[in-house]
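A.B. asks: Listed below, chain by chain, are the residues.
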Amino acid sequence: MEVVVQVVFGLIALFILVAAAMVVSVRNVIHSALWLIACFFGVGALYLLLQAEFLAVVQVLVYVGAVSVLILFAIMLTRQISGEGVRQLTSRWPVVLVVTVLLFATVMAPTLINQQWNVPPAPPLGTPEPIAGPAELGRGFVNEFLIQFQVVGVLLTVALIGAIVIAFEERARRRRVLTLAEELELKRLRERATQTETPEPVEAEPVARETRPASEG
Amino acid sequence: MYDMLAALINGTLGWGWPEWALNLLSYILVVTIVLVVAPLQMLFFTYYERRVIARMQDRVGPNRVGPEGIWQPIADGVKMFTKEDIVPQAADRIVHFLAPCVVVAPTVLMFAVVPWGPGMVPVDLPTGLLFFFAISSISAVGLMMAGWASNNKFSLLGAMRAVAQMVSYEIPAVLSLIAIVIVVGSLSINDIIAYQTGLIVSNRDLPGIPDLGLGWFVFTPVGFVAFIAFFIAALAEGERTPFDIPEADSEIVAGYMTEYSGMKFGLFYLAQYVLNFLLCAITAIIFFGGWQGPGVGWLYAQGITPENPNGNGLFNVLAGVLGVFYFLLKTYLFFFVMVWLRGALPRLRIDQLMDFGWKFLIPLTLANLFSAALWVAFTRWGPAEGMLITVGWSPVLRWLAAFVVTLAINLGVYLWLTRVYAASQAERRRAELEELIAAGS
Amino acid sequence: MLNAVPLPAVLTLAAALFCIGLFGALSRRNLIGVLMGVELMLNAVNINLVAFWRYFEPRYITGQTFAIFIIAVAAAEAAVGLAMVIAVYRHYVTVNADEVDQLRG
Amino acid sequence: MTASPFEIEIPRGRVIEVQRDDTRVRRGTGLLRGMAVIWKHWKESFKLNRSYSQIHGTFTIEYPEERPRIPEAYRNMPILLYDDETGHELCTSCFQCERICPPQVIHMTQAKDPATGKPVPAVAEFIIEYDACMSCGFCAEVCPFDAIKMDHEFELSTDDHLRLTVHKEQLLRPISYYAHIAPTMWAEVREGALKKLQGNIRRRPDVIGLAPQLTEKIAARRAELAAQAAQAAQAAAATPAPPAAPAAAAPAPAEGRKLTPEEKAAKLAAIRAANAAKKQQSGDGS
Chain A
1 MEVVVQVVFG LIALFILVAA AMVVSVRNVI HSALWLIACF FGVGALYLLL QAEFLAVVQV
61 LVYVGAVSVL ILFAIMLTRQ ISGEGVRQLT SRWPVVLVVT VLLFATVMAP TLINQQWNVP
121 PAPPLGTPEP IAGPAELGRG FVNEFLIQFQ VVGVLLTVAL IGAIVIAFEE RARRRRVLTL
181 AEELELKRLR ERATQTETPE PVEAEPVARE TRPASEG
Chain B
1 MYDMLAALIN GTLGWGWPEW ALNLLSYILV VTIVLVVAPL QMLFFTYYER RVIARMQDRV
61 GPNRVGPEGI WQPIADGVKM FTKEDIVPQA ADRIVHFLAP CVVVAPTVLM FAVVPWGPGM
121 VPVDLPTGLL FFFAISSISA VGLMMAGWAS NNKFSLLGAM RAVAQMVSYE IPAVLSLIAI
181 VIVVGSLSIN DIIAYQTGLI VSNRDLPGIP DLGLGWFVFT PVGFVAFIAF FIAALAEGER
241 TPFDIPEADS EIVAGYMTEY SGMKFGLFYL AQYVLNFLLC AITAIIFFGG WQGPGVGWLY
301 AQGITPENPN GNGLFNVLAG VLGVFYFLLK TYLFFFVMVW LRGALPRLRI DQLMDFGWKF
361 LIPLTLANLF SAALWVAFTR WGPAEGMLIT VGWSPVLRWL AAFVVTLAIN LGVYLWLTRV
421 YAASQAERRR AELEELIAAG S
Chain C
1 MLNAVPLPAV LTLAAALFCI GLFGALSRRN LIGVLMGVEL MLNAVNINLV AFWRYFEPRY
61 ITGQTFAIFI IAVAAAEAAV GLAMVIAVYR HYVTVNADEV DQLRG
Chain D
1 MTASPFEIEI PRGRVIEVQR DDTRVRRGTG LLRGMAVIWK HWKESFKLNR SYSQIHGTFT
61 IEYPEERPRI PEAYRNMPIL LYDDETGHEL CTSCFQCERI CPPQVIHMTQ AKDPATGKPV
121 PAVAEFIIEY DACMSCGFCA EVCPFDAIKM DHEFELSTDD HLRLTVHKEQ LLRPISYYAH
181 IAPTMWAEVR EGALKKLQGN IRRRPDVIGL APQLTEKIAA RRAELAAQAA QAAQAAAATP
241 APPAAPAAAA PAPAEGRKLT PEEKAAKLAA IRAANAAKKQ QSGDGS
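Protein chains in written order, with the working numbering: chain A, 1 to 217; chain B, 1 to 441; chain C, 1 to 105; chain D, 1 to 286.
Check before you lean on any hint, since a few could be wrong.
Unchecked claim - Label pairs and their in silico Cβ distance ranges:
{"no.": "1", "chain 1": "D", "residue 1": "Trp39", "chain 2": "B", "residue 2": "Ile200", "range": "50 to 60 Å"}
{"no.": "2", "chain 1": "B", "residue 1": "Asp351", "chain 2": "D", "residue 2": "Glu7", "range": "27 to 37 Å"}
{"no.": "3", "chain 1": "A", "residue 1": "Val151", "chain 2": "B", "residue 2": "Asp351", "range": "42 to 52 Å"}
{"no.": "4", "chain 1": "B", "residue 1": "Trp416", "chain 2": "D", "residue 2": "Asn49", "range": "41 to 51 Å"}
{"no.": "5", "chain 1": "A", "residue 1": "Leu189", "chain 2": "D", "residue 2": "Gly137", "range": "29 to 39 Å"}
{"no.": "6", "chain 1": "B", "residue 1": "Val405", "chain 2": "D", "residue 2": "Gly30", "range": "26 to 36 Å"}
{"no.": "7", "chain 1": "A", "residue 1": "Thr106", "chain 2": "B", "residue 2": "Gly262", "range": "51 to 61 Å"}
{"no.": "8", "chain 1": "A", "residue 1": "Val151", "chain 2": "D", "residue 2": "Gly30", "range": "19 to 29 Å"}
{"no.": "9", "chain 1": "D", "residue 1": "Gly57", "chain 2": "A", "residue 2": "Thr194", "range": "37 to 47 Å"}
{"no.": "10", "chain 1": "D", "residue 1": "Gly30", "chain 2": "B", "residue 2": "Asn23", "range": "50 to 60 Å"}
{"no.": "11", "chain 1": "B", "residue 1": "Arg428", "chain 2": "A", "residue 2": "Val151", "range": "25 to 35 Å"}
{"no.": "12", "chain 1": "A", "residue 1": "Thr194", "chain 2": "B", "residue 2": "Val337", "range": "47 to 57 Å"}
As the list claims (entries may be wrong) - Selected chain D positions facing chain A (Cβ under 8 Å, derived; list incomplete):
{"no.": "13", "residue": "Pro11"}
{"no.": "14", "residue": "Arg12"}
{"no.": "15", "residue": "Val15"}
{"no.": "16", "residue": "Val25"}
{"no.": "17", "residue": "Ile100"}
Calculated directly from the structure, the hints in this document are not laboratory data.
Here a beta-carbon is modelled for each residue, glycine too, at the ideal position from N, C-alpha and C.
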């Protein structure tokens, strides 16, 4: 059983890293976003392996269902320059590469050399471990983490409103074909506007009324 | 499934298989059943929809292949298989190929948490409902891939419409379900079904009601509003008329499916109908008790259950058959309503769709959430939770109070919202026109 | 899981993911690419949080709670960030970070 | 251009405005009313509807098993009529239909008296290209002798394209056939048509104008002609001349049949070119 878990973990880790590497190296931005989605999936699978089931589902719901779709939308709305053939990396990317590799090395070196994590001993086989599930999480959100929970709620609201305000397009720039009824109303409104400017009394326009059968009204 | 197999192989047959083999076999069996049932439902649904919509339009519908045309979907399938698979030259070949897979896979995965009868759920996840919606949101990515990879403006427009619609309507759908989750106190679909025992009134709200499996949520004000909102959102998620703008054939050919042919097109079709089936099924499960119905609970109690290991296995089978019958009956009924709406309503415009979702459905479901919390407070809370009004009330009185209060809130919000919504629509139209005048166009 | 995979393995994975994300965030020209790099980094942080939760405190919800908060913050960040990308695109007709170099448009 | 008070000019054109009280808030009842309409259709659709005046009920006709009831004035493709009794065709080759035909698919040649070479009010060959015919019915409208009528037959599909260039023999139907498919319409024109036919028969020598498929009628006519010739010979008391009719009559029906497809095509092309030239001339003139 352990071997199976190890193999599964290795595959997931490999998948996550390959996908992440593709995200930062692929030329086509859309492909990069698709690889990002694959990476999110891998992370979700890792959560499942870590028995954080609720978190895995939330990962799929929020990242795959919302964030990645948002990213795809943004790419498609800014499409002209995101195609292939455009240089996607800055000119100083080798420097960045060196810096990140160095960072990784500095983070990992102590870990690998001096591995002193006080991992508690595994419980004896057969006793199911209590794992925090959605009910416990929910209780936590309205008790211990109430303030934080509400702050996150406010943050999301602010982000929603902020995003709308930032990306809002002036209505006057929008163009759409008016329906006939709307054109009529427009004409009428225009006439009213000119009437108020010119004081000459103009007779009210005749209005056709459809006679409705009594049963319908 | 595992228990049944264990009882059969190690008990009756006495082969003494190890645990992992039994596990593997049960998984393989369940997956096989799901993979067979999903396309079968799709085949039946295409036939069903065509026949019903034909009747609504005073026609007969397909009736040539086999008796009453029952083999028509098979003939369609054969046609799709034998068609040439065309990939546009300018398409992104890999993404174009992957898109139908990404669209189909989640719809099949969603079957994992759908209970067909008492004790007949492939996986009873504690987060079943959330899983269902998390997985369903994956197909949006597949649609986007299809629309982009086809390199066709109609495909891209269709995909953008589809994804915008799915993402927007996921919110009212989930909000309306959260109301039910609040009342039940669990995300597990089995728990939600188990709550709906009783007769008109749920057993859990009012203990002592006889269990006829009819204590459905739709009979409560909270459940009714949630049902209406969810069903509308489900129509939008399943891209059913009047929300079929993503594949509005009179405007954008076939939306994201424009550049697909042969079996890839068939896969999109499959995903769509399977998704429709699942949405109807989840509506039936959450608001109409799923497999609950007169007799199922009693039959199941006589059979082999964890509480009653010495029961008669025959009753299990009977309860299963009756449960599946009730479940499918309700599901097909909802699909009938979907077809009925398709027959009755014209397509919405995309701005009407968005306005309706964001300005009407979401406020309504939010108010319903409040009602759901009040329902729980009235029926279950005591002084310990700070609910001091209901101290000393009998359960019937509490239930009545909850019913009246939630009904008043929901009805009031509905009436107020309809008025405000209509007024805001009229106001917006006028403002737009006045702006046009000011612009002098 | 606990016996089969040691905690350092998970942490190494998270660190590697973080560094890849950092590389993406620093070296991409496209603003959306930068945002994707940031998302990768946030995911790496989440892996760390969940791993520590699982290995040290599986019966307390703190680790998962923080992961959920981070997911919420990431969603907010993505929404606002992409809105800004679109606003920038509308103004400068480019989404490349090094071409957005004017204070006045 | 009289503008009615309801007509209003807007940039896209003239519209007629009908005001409804659509500002009313219906609160979802409008949707339910629409659904009720559809429900009625669904419920009633299990009954058949064959009256054409109801709006409910299935009106599908399951075609191969069930034949549609075709209204009398239905028109599909033009046919030619001949008289059942005498076997004479009603057509006099007046060229009215050929002239009016919008897609120009009607072609005919006039019969000539074999003895004198003068035109006779009868048709030698009559061709209609069914594949290009648009079923407008102008030919039937314009025909002064009621010789060309519109058929009810609609199962004309074939994999042989040339078969859709239909010759006189296949076009001819007895009057009784037309009287059967369109009794009232035939009754209106019957008398005039038959009277005109009698007038024309008198001007038709030999077997000209007889429907070619009616072999016994032709034989009878020949016998009659032979008897007349014999009588004439006896009366003249001259040497009994062999009946000239059979030999001379032969070319008339044969003329159409001996055209090969190539010749036909050439002929049609020539006709079309001539028509086009005519058109151009008239266009230039105007």
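A.B. asks: So, D/Arg12 near chain A? Judge it on the closest CB pair being under 8 Å.
C.D. replies: At about 6 Å, which falls below the 8 Å cut-off, the nearest Cβ of chain A leaves the hint on D/Arg12 intact, so it holds.
A.B. asks: Range first: 50 to 60 Å. Now tell me if the beta carbons of D/Trp39 and B/Ile200 are that far apart.
C.D. replies: 25 Å, violated
A.B. asks: Is 41 to 51 Å right for how far apart the beta carbons of B/Trp416 and D/Asn49 are?
C.D. replies: Cβ of B/Trp416 to Cβ of D/Asn49: about 45 Å, so the range 41 to 51 Å holds.
A.B. asks: Was the hint right that D/Val15 lines chain A, CB cutoff 8 Å?
C.D. replies: Because about 5 Å separates D/Val15 from the closest Cβ in chain A, which is inside the 8 Å limit, the hint holds.
A.B. asks: Taking the Cβ atom of B/Asp351 and the Cβ atom of D/Glu7, is their distance within the range 27 to 37 Å?
C.D. replies: 30 Å, holds
A.B. asks: For the range 51 to 61 Å, tell me whether the beta carbons of A/Thr106 and B/Gly262 fit it or not.
C.D. replies: Since the Cβ atoms of A/Thr106 and B/Gly262 sit about 54 Å apart, the hinted range of 51 to 61 Å holds.
A.B. asks: With a cut-off of 8 Å on the beta carbons, see whether D/Val25 makes it to chain A.
C.D. replies: Nearest chain A Cβ about 15 Å off; hint violated.
A.B. asks: Classify the hint on D/Pro11 as holds or violated, based on whether any CB of chain A lies nearer than 8 Å to its CB.
C.D. replies: 7 Å, holds
A.B. asks: For the hint 29 to 39 Å, verify it against the beta carbon of A/Leu189 and that of D/Gly137.
C.D. replies: 51 Å, violated
A.B. asks: Kindly confirm whether 19 to 29 Å is satisfied by the beta carbon distance between A/Val151 and D/Gly30.
C.D. replies: Violated, at about 44 Å.
A.B. asks: Double-check D/Ile100 for me: the hint is only fine if its C-beta lies closer than 8 Å to a C-beta in chain A.
C.D. replies: Violated, about 40 Å.
A.B. asks: Assuming the hint says 37 to 47 Å, is it satisfied by the Cβ distance from D/Gly57 to A/Thr194 or not?
C.D. replies: 55 Å, violated
Violated hints for the displayed structure, listed by number in ascending order: 1, 3, 5, 8, 9, 16 and 17.
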